[in-house]
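Student: Letter by letter, the chains look like this.
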Amino acid sequence: MSIEANKAVVTRYWTDLWNKKDEKVIDEITHPDVKLHFPPGQAHQPPSFQVWLKTALIAFPNVHFTIHDLVAEGDKVVCRWSYTATNTGVFLGNPATNRDVTDQGINMFRIQDGKIAEMWMSGDSLGLLQQLGVIK
Amino acid sequence: MSVEANKELVRGYVNAILVNRDFSKFNDFTAPGFYIDRSAVPEAIKGENALHNQMDMLYGAFPDLDLQIVDMVAEGDKVVVRFAAPGTHQNTFAGIPATGKRATWKGIVMYHVVDGKITEAWANWDDWGLLEQLR
Chain X
561 MSIEANKAVV TRYWTDLWNK KDEKVIDEIT HPDVKLHFPP GQAHQPPSFQ
611 VWLKTALIAF PNVHFTIHDL VAEGDKVVCR WSYTATNTGV FLGNPATNRD
661 VTDQGINMFR IQDGKIAEMW MSGDSLGLLQ QLGVIK
Chain D
85 MSVEANKELV RGYVNAILVN RDFSKFNDFT APGFYIDRSA VPEAIKGENA
135 LHNQMDMLYG AFPDLDLQIV DMVAEGDKVV VRFAAPGTHQ NTFAGIPATG
185 KRATWKGIVM YHVVDGKITE AWANWDDWGL LEQLR
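Those protein sequences? They're chains X and D, same order as listed.
Residues 561 to 696 in this note's numbering are what the first sequence spells out, letter by letter.
Residues 85 to 219 in this note's numbering are what the second sequence spells out, letter by letter.
The set of hints was computed from the structure by calculation and includes no laboratory data.
Note that the structure is a prediction, hence the values are computed from the model and not measured.
A few of these clues could be false.
Output of the computed footprint for chain X on chain D, the stretches with three or more beta carbons under 8 Å from beta carbons of chain X [what the hints assert, rightly or not]:
{"hint": "1", "segment": "101-114"}
{"hint": "2", "segment": "197-210"}
Derived contacts from chain D toward chain X, CB cut-off under 10 Å, selection only [to be verified]:
{"hint": "3", "residue": "87"}
{"hint": "4", "residue": "121"}
{"hint": "5", "residue": "122"}
{"hint": "6", "residue": "126"}
{"hint": "7", "residue": "128"}
{"hint": "8", "residue": "129"}
The beta-carbon is built from N, C-alpha and C at its ideal position, and this holds for glycine as well.
Using the sequences and the hints given, assemble the complete structure.
Tutor: Take a look at the structure:
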């Protein structure tokens with residue numbers, strides 16, 4: 561796979577999975593045994609993309625991502641992203657706050673045979689939890 | 085500058101400035117106006133003194149901090165580093181007195197390189213996870 565093809569897979573991850581919230585994209589662009597690496601402090605550490613999307617649709621159904629940068633080399637693609645969302649449902653056991661939140665982060669992906677095999681996530685959980693008033 | 089040269093520059097910056105904290109070399113690696121956008125911190129870290137203070141605070145709390153480059157991905161004028169930094173909490177950090185606990189701070193940082201100098205960086209460090217490991 562070329563790095564351009566790998567970038568196209570990662571672009572679909574944000575636009576088709578997260579912005580269009582199309583669950584069937586998960587099978588098209590990720591391996592069944594995809595490995596998700598969360599930093600210890602990530603507020604929400606879902607076991608799969610399926611669970612992740614379900615939680616997001618409850619807690620932040622209008623979440624919308626913007627891709628700021630795509631950097632690719634070999635079998636890796638890195639994306640610098642941000643999102644805006646409104647917390648209109650239960651998140652991590654806390655009732656909806658109806659607050660608007662934003663977050664920004666950088667994710668690293670490993671692409672194998674045209675699908676995401678591994679992902680290292682890094683967002684700003686501290687900032688997110690502060691915006692939701694979970695921590696002050 | 086080639087991608088390889090950009091990677092070499094970032095590796096040099098990490099070793100000289102972040103690991104050895106030899107700030108006499110700061111201008112060898114960074115352009116005037118250099119800043120770090122830290123998502124968890126509203127104010128960016130701007131310039132040599134701000135970064136120096138930040139590193140003094142961090143190594144003050146974790147004197148044996150071992151900042152490691154785990155992976156690098158580069159293309160065009162961007163270099164991305166995935167870091168892992170284990171250390172022992174030996175002095176007050178973010179108001180938490182020394183616990184003696186081992187903790188690992190993880191982060192991904194994207195560097196923008198122009199004409200052989202780093203002009204800006206976007207840093208996502210797992211600050212919340214570091215604090216949680218000290219509880």
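Student: Going through the earlier hints one by one, which of them does the structure break, listed in rising order?
Tutor: As far as the earlier hints go, 1, 7, 8 are violated by this structure, in ascending order.
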